[in-house]
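Protein chains in written order, with the numbering used here: chain A, 11 to 304; chain B, 205 to 468.
It should be emphasised that the hints constitute simulated quantities derived from the structure, not laboratory data.
The structure displayed is predicted, hence computed values, not measured ones.
Cβ coordinates follow ideal geometry from the N, Cα and C atoms, glycine included.
Treat each hint with caution, since some may be false.
[As the list claims (entries may be wrong)] Coverage of chain B stretches by chain A, computed from C-beta distances (three or more under 8 Å per stretch; other residues unrestricted): (1) 293–307; (2) 310–318; (3) 321–332; (4) 339–350; (5) 449–457.
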Amino acid sequence: MRREPGGLYAAPSTIWLTVFFLAPLAIIVAYSFLTPGVRGGVEWKPTLDAYRAIANPTFAKVTLNTILVAIGATAITLLIALPCGYYMARSERQTLLLMLVMIPFWTNFLIRIYAWIAILGNEGFLNDILLALGLVDESVQFLYNRGAVMLVLVYTYLPYAILPLYSTIDKFDFSLLEAARDLGASKLGAITRVLLPNVKGGILTAFLFTFIPIFGAYAVPLLVGGTESYMLGNLIADELTKSRDWPLASAISLVITLVTTIGVLLLLRANGASTLGGAREAKAEPEPAFGGAR
Amino acid sequence: MSRPAARKRSSFSRSVFVGTIVFLSLPLLVLVLYSFNESKSGAWTGFSVKWYVKLFTDSPQLWRAFGNSAVVALASAFVATVIGTLGAVAVNWYRFRLRKYLRTLTFMPMILPEIIIGVSLLVFFSGIGLRLSLFTVFVAHVSFNLPFVFLLVLARLEEFDFSIIEAARDLGASDGQTLLRVILPISAPGIISGFLTAVTLSLEDFVITFFVTGPGATTLPLYVYSAIRFGVSPVINALSVVMILGTVLLTWSTRNFLKYIAAK
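Chain B on its own, in the form it takes in the complex:
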């Protein structure tokens, strides 16, 4: 008697789940389909890869925007990873003034809507007279990436016992040696996933970047935004498909890489 009941119970949730997956994937499938459509817009006129050819050979602005995105993502992720990791080590293993303050400060940017961070940074930059450019974009990206790195490294550190630090100290390691030879190696998976998260969040960001960017500092999401404003473009369809494939590939390889590290 309990079997049919169990089956019946799951059938409602299954239909909702299946419907949700269709809902979530449908728009992406439509993009894939349209990216191979020969005509510029509207009805299907035939299969063609010309939009992909145009994307890779004849879209200089798009690739410049991609270059800006890559530079900002790598630079901001690097800075956020270095200072975020140090902050996490400090909060987890040391006592210092403002410890609570730092914990609160790393929590707040994650809960505030992006527009608030974007607007306040824009007002701040103009207040101190800093011209908006790729540099201000970089500063903003470090600010929203830092809390994520901090959190991911902290989560990793919390799995370890403080005694390994004491052991290192007892065996005569200096502060620097303890950091480089003990703390950093054990937190490596957290640091790596923190860095990759930061890169992805940075590549992804539109709203904050929109407010703090200046002339010539167009990132890829900003480029896509201006393209959307001019209407649907087949090159953007092709770009979307390439980006979806890129993300899946990156995620998949990261997963395996992290698994490999964890297993080691």
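So that you can see chain A by itself, here it is in the shape it has in the complex:
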């Protein structure tokens, strides 16, 4: 490999990401140890107040809710996505099935949330039907609770889990399943002891793409959640824009960043360095022209 002009070509992206990605993260770290300014911003007096505030019961409750929602929604998503990926991989019409999964995925993130509001809202589709059929006398409140948040999160991130699972299972040699069956394994046994260990990488990638964005969710709980389904993302935004306690917002952001980073590192360790490449591939695969909910 040659040296020149590599440094020259690398300079713009290195500088851009250092200034507009890494430096802002560093500022968050610094701010989390400072005193809040009167109208936002900070005063340069070091303190651990922000971290003490995180430990108080109100915040602990939101943190707990965030963890519960993230684990619950991720588990449901993976349980649905696994059989879907399996079915797609075994199908002979893969392109068609892939399109069916991708079209909702290409639809704008906010439009998809909005669609659920149009269905579940007090004047929504579902209530219209229930009222017309005479099953209820007045509108049922389906929105603004933890169930609605989980539903919309699962809806949003399902394609993110299906795609890596599909592409891993697609590479799996299905004759191994038949071999296991011939050797006397039960249907379930063959799947849990032969298929699943072989597609571990895909499962971990799917987990990563679902859990991390859900853990940092902001828009979904904001639009379809209620007070009890408040998540850490909402807390950050409120501290930043309403309470104007920037050190606290920074400290919570840092906690999410640490959880994410540690999660990724653990996954890389469990799965070998290939996950990193695999994760990048899987995330890039749905592109060329799709957006998807990021």
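Chain A is already provided as a structure; the job is to place chain B on it using the hints.
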């Protein structure tokens, strides 16, 4: 004996898959249905295209937001594509200091939740005294687009042998000629899909934009957001249908375009 067993095995996964497709498409079908509903909200009162007429003739704010989105998407995708492509070429074919650093730096924005990027950029912009505007939105979009372009171009470059660069050098090409006449042409499919990905991600983004936008710099997702806060609006139904059709059409033509390029 193995046949019925195989059929039985796939029947569970098939029902889950069919159920999932219904689950994924149902909300979009409801939007399509409602976009043709005559009444403003609630029950079906009759077929009408008046919301589409209103969308195209009487929604100036919406179209201004669309204009902002288009400007930011094209500008940020262009910048991200230029510097991301150069970065990918450097990482793939050259040795330089901070090579590992750049690889890590392009990975991190893709794994962090969006809100972290939005919040840290907001704090950063206010720290350096940059007023929030369409420009700060543009800067933020380049930051999250760049890693995707980098990755897509890198994936394309990794398919090629380093010897073609050496061949170009041996035949007397300068660094500039090697880049323009050898490296860029072979990475064209990666560059094009990187650019289109960047455009789409930018048009799509809500969370990061929400934090770094300023007065007058409303993008289309932000407009939809404020419309949602005022309740369900039939114009937004019509807009959703137009956007869904637009995305499908764009994706379909991109696919074919990329296939055409790859075949060439």
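Structure-based check of all given hints:
1. Counting residues of the segment 293–307 of chain B whose beta carbon lies closer than 8 Å to any beta carbon of chain A gives 12, which meets the minimum of three for the stated coverage.
2. Here's how the segment 310–318 of chain B fares: 9 of its residues keep a CB closer than 8 Å to some CB of chain A, so the rule of at least three is met and the hint holds.
3. Using a Cβ-Cβ cut-off of 8 Å, 9 residues of the segment 321–332 of chain B lie near chain A, which meets the minimum of three, so the contact claim holds.
4. For the segment 339–350 of chain B, the stated coverage by chain A is satisfied: 6 residues place a CB nearer than 8 Å to a CB of that chain, which reaches the threshold of 3.
5. Counting residues of the segment 449–457 of chain B whose CB lies closer than 8 Å to any CB of chain A gives 4, which reaches the minimum of 3, so the coverage claim holds.
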